[in-house]
Amino acid sequence: MQLLDVLAAVVVAFAAGAFTFGAMALARASDVEATYYLVVGIVSLRAGVQLVRPGASA
Amino acid sequence: MSDGSDALRDSSIPPPPSGPVSGRPMPPRRRKVLERIASIGASAQAAIPGLYAWAITVAPAAWSRGAPLLAKAAAVVGVLALVTAPLVEGAGPARSPEASASPSRTPQNEGVPKRRTSLLGMMRSWTGPTWARVWSVWGFVLSSAIVWALAPAALSSARLDGVRGALGMVGWALFAFASAGPALRADPNDGERRIIASTSLKPRSELPRGDGVYVAVGVVLALSMQAVGWGVPVPERAVLVRLVTVVCGIAVLGGTTSIALARHGTRSAASGRLRLRRALPWLVMLALFAVAGVVLGMAR
Numbered sequence: 001m002q003l004l005d006v007l008a009a010v011v012v013a014f015a016a017g018a019f020t021f022g023a024m025a026l027a028r029a030s031d032v033e034a035t036y037y038l039v040v041g042i043v044s045l046r047a048g049v050q051l052v053r054p055g056a057s058a
Numbered sequence: 059m060s061d062g063s064d065a066l067r068d069s070s071i072p073p074p075p076s077g078p079v080s081g082r083p084m085p086p087r088r089r090k091v092l093e094r095i096a097s098i099g100a101s102a103q104a105a106i107p108g109l110y111a112w113a114i115t116v117a118p119a120a121w122s123r124g125a126p127l128l129a130k131a132a133a134v135v136g137v138l139a140l141v142t143a144p145l146v147e148g149a150g151p152a153r154s155p156e157a158s159a160s161p162s163r164t165p166q167n168e169g170v171p172k173r174r175t176s177l178l179g180m181m182r183s184w185t186g187p188t189w190a191r192v193w194s195v196w197g198f199v200l201s202s203a204i205v206w207a208l209a210p211a212a213l214s215s216a217r218l219d220g221v222r223g224a225l226g227m228v229g230w231a232l233f234a235f236a237s238a239g240p241a242l243r244a245d246p247n248d249g250e251r252r253i254i255a256s257t258s259l260k261p262r263s264e265l266p267r268g269d270g271v272y273v274a275v276g277v278v279l280a281l282s283m284q285a286v287g288w289g290v291p292v293p294e295r296a297v298l299v300r301l302v303t304v305v306c307g308i309a310v311l312g313g314t315t316s317i318a319l320a321r322h323g324t325r326s327a328a329s330g331r332l333r334l335r336r337a338l339p340w341l342v343m344l345a346l347f348a349v350a351g352v353v354l355g356m357a358r
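Chains as they are written, first to last, in the working numbering: chain A, 1 to 58; chain B, 59 to 358.
In isolation and in its complexed conformation, chain B is listed as follows (with noise of 0.2 Å):
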C-alpha cells in the first residue's frame, strides 16, 4: 500500500503549487477556510466525502428491515475508521523510519530486489499518513462491502431511489478522490509561484453579446424535455422515452446555437429573400402538417 502517492503527503515534501494559476490572487477568506481544512490533515479531508456516502448508500442498508446485527455492526466499523483515521494520522510518525535512519542507499541494500522484503518490514516504514489511508480506505470500504452482502436487498433497484444511488455515487468518488490524492494545502508563497505573471489573461476573441442568451435558452428547452416520462412503468418504454428526449435535448441545443452563430458568421450573409426561398420547403411541409394535425384532431 505504500506507493508513490504516500510520499506526496509526507511534511517534508513541499506540496505542489495550489491557487489559480491566471496570477489572480486568491480571496482572504477562501485562502483561510482551505488552510484549515489543510491543517486537519488528508484522511480528515476523505472522511467528510466518506461520511457523506455511508449516510446515503451504507447506513440505509444496515438499518433497513431485515438486515442482520452484524450489518449494523460493520457499518458502525466503517464510521469508526472515517472519524478515527485523522487521529492516526497525527499519533503514527510523519517520516519512515527507515528514511529517518538510513537516509543515503547503500550498495549492500541496493541490490537486494523488492519482493524479498518482508511484509512486517514495509509496515514498519509506514508513515502515520499512509497507516491512516490504510484504515481509512480499507476499513471503511470492507466493512461497507460486509454491510451490503449482508443486506442485497437494500441495492435493489425497487428499494433504491435513483437520484440517492447517483448522489451515493458523488459521494464515493469524492472520497475516492480525496484518498488518492496529497492533501489540500494552501501555499503561503503562492504569489511568488505564480507560473504566469501578469494580472490576469486576456482571452484571444470575446463572445459577442447575446450568444449567451441563446445557449442558455436552448439548455432550459433541452432540459424542460427531460422532465417529461420519469413515471412510465413499462422499463422498455421509459428508456426509448428518455433515449427520445435526450436526442430531441440535442437537436434544439444545436437549432439554437445554430441561430446563436449565423448572427456573426465569417461567411457573406444571405438576403432575407434568399433565406426565406430556402426556409420555403420546410415551411410548406410544417403548415402541412399543422393543417393535416387539426383536421385529424377535429375528425376523431
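The shape of chain A in the complex, shown without the other chains (with noise of 0.2 Å):
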C-alpha cells in the first residue's frame, strides 16, 4: 500500500466526519454551517477517490 492509498482512505474518513457534523448541524437547523460542513465533506470525498484512480491519462 502506498502512501497516497493511506491518505486517500485518510480523506475518505475525513469526509464521512465532515459529512456527520453536517448532519448535526441540520438537525439543529444552522443551514449556513451545515452547508460548509457538507461542501467540505463532497470536496474531501471527491479527492480522496481522485488521489487513487487508476489509469494513465489525467
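Hint data in this document are derived by calculation from the structure and do not stem from the laboratory. From the three backbone atoms N, C-alpha and C, an ideal C-beta is built for every residue, glycine too. Possibly wrong hints are sitting among the right ones.
Unchecked claim - Quick partial rundown of chain A residues pointing at chain B, CB under 7 Å, derived from the structure:
#, residue
1, Ala8
2, Val12
3, Thr20
4, Leu26
5, Ala27
6, Ser44
7, Gly48
8, Leu51
9, Pro54
Stated by the list, open to error - Restraint ranges, calculated between C-beta atoms of paired labels, are given here:
#, chain 1, residue 1, chain 2, residue 2, range
10, B, Val271, A, Thr35, 26 to 34 Å
11, B, Ala274, A, Val39, 36 to 44 Å
12, A, Thr35, B, Lys130, 50 to 58 Å
13, B, Leu334, A, Ser30, 21 to 29 Å
14, B, Arg358, A, Val39, 12 to 20 Å
15, A, Thr35, B, Gly220, 27 to 35 Å
16, A, Thr35, B, Ala231, 38 to 46 Å
17, A, Leu4, B, Met227, 42 to 50 Å
18, A, Ser30, B, Arg217, 27 to 35 Å
19, A, Val39, B, Val292, 41 to 49 Å
The task is to assemble the complex, starting from two chains supplied on their own in separate frames and drawing on the hints.
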C-alpha cells in the first residue's frame, strides 16, 4: 500500500466526519454551518477518489 | 380459498427438496430442528410469527387506554385462531373426500363449469390443512382488523413507536409468508436429490484480501451517520436530515469501494505523481475551505 492510498483513506474518513457534522448542524437548523460541512465533505470525498483513480490519462 | 397452493400441503404429494443445493450436507442438529418444526404442521409454523405480530401490533391496541371490551375479545379470538389452527389441521381429512372417492374425472363432470359448483360442495372438498389455513388466516386477520377499527388511536404515529411498528411489519410479513407457502419439511433423501453432485461449488474468482475491510469501514461510517438527527421535532427537517444522511452514507460507501477496487484494477496503474496532480485541485480546495472555516470560526 502506497502513501497516497493511506492519504486517500484518511481523506475519505475526513469526508465522513464532515458529513456527520453537516447532518448534526442540519438537525440543529444551522443551515449555513451544515452547507459548509457538506461542501467540505463532498470536496474531501472527491479528493480521496481522485487520489486512487487508476489509468494513465490526466 | 382452495387454490393450487393447498395441494402442496397434502401429504400425498412429496414436498419440494429442501436444504442447500450446493451439495454441502445439512448439519444433523439443524436437520433435527427442521424435522421437529415440520412435524407440527404448516399452520403451527405460521402461528409463531403470527403470535409475534399479535403481541406487537394487536395486543397493545386492544389493551390500550379507552379500548372497548369488544376489542379485547376480538384480540383473544385472534390468538385462539392461531393456537387452535394446528388442532384443526390434525383433525380434518388429509385428502379431499371427492378426490379419494372419485380419483379419475368422468366425462359427465368434466363439462360442468366451475362456477356452478356450490360453496357447500367446495367446502366439503376442503382438507384439514385448508380448514386450518382458513381459520388461521381469516380468523387472525379479521380479529386484528376489528381491534384496530375499535381502537384506531393506538395506531397513530404519536403513540406507536417506530421500531415497534417496523418489527410488527416484519412479523406480519413472516406470518403471510408462512401461511402462503407449503409446510417446511426436511427431506430424508436430500443427499440423493442433489442438483449438483459435487461436494461444493467453486467461485470463478476469489475476492482479493482486504476488500472486505474497506467495505466494512464504509458500511460502519455510513451507518454511524444514520444515528444523527432522530430527535428533530419538526417533521420536514427530520425528513431532510434523513435524506441527507442517507445520500452522504451512500457517497462514503462509494468512496471506500472505489479505493478498494483501485487496488487491483484491470486498468494500468497511474504513477504517484499523476495521481497527486489529478487530486491537487480538490486538495487545494479542501485546504481553502478548511482555512476559511477556521478563520470564520475564530472571527465569531
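Okay, the hints, checked on the actual structure:
no.: 1; hint: Ala8; in the structure: holds, 6 Å
no.: 2; hint: Val12; in the structure: holds, 5 Å
no.: 3; hint: Thr20; in the structure: holds, 5 Å
no.: 4; hint: Leu26; in the structure: holds, 5 Å
no.: 5; hint: Ala27; in the structure: holds, 4 Å
no.: 6; hint: Ser44; in the structure: holds, 6 Å
no.: 7; hint: Gly48; in the structure: holds, 6 Å
no.: 8; hint: Leu51; in the structure: holds, 4 Å
no.: 9; hint: Pro54; in the structure: holds, 4 Å
no.: 10; hint: Val271(B) x Thr35(A): 26 to 34 Å; in the structure: holds, 32 Å
no.: 11; hint: Ala274(B) x Val39(A): 36 to 44 Å; in the structure: violated, 27 Å
no.: 12; hint: Thr35(A) x Lys130(B): 50 to 58 Å; in the structure: holds, 53 Å
no.: 13; hint: Leu334(B) x Ser30(A): 21 to 29 Å; in the structure: violated, 35 Å
no.: 14; hint: Arg358(B) x Val39(A): 12 to 20 Å; in the structure: holds, 18 Å
no.: 15; hint: Thr35(A) x Gly220(B): 27 to 35 Å; in the structure: holds, 28 Å
no.: 16; hint: Thr35(A) x Ala231(B): 38 to 46 Å; in the structure: holds, 40 Å
no.: 17; hint: Leu4(A) x Met227(B): 42 to 50 Å; in the structure: holds, 46 Å
no.: 18; hint: Ser30(A) x Arg217(B): 27 to 35 Å; in the structure: holds, 31 Å
no.: 19; hint: Val39(A) x Val292(B): 41 to 49 Å; in the structure: violated, 23 Å
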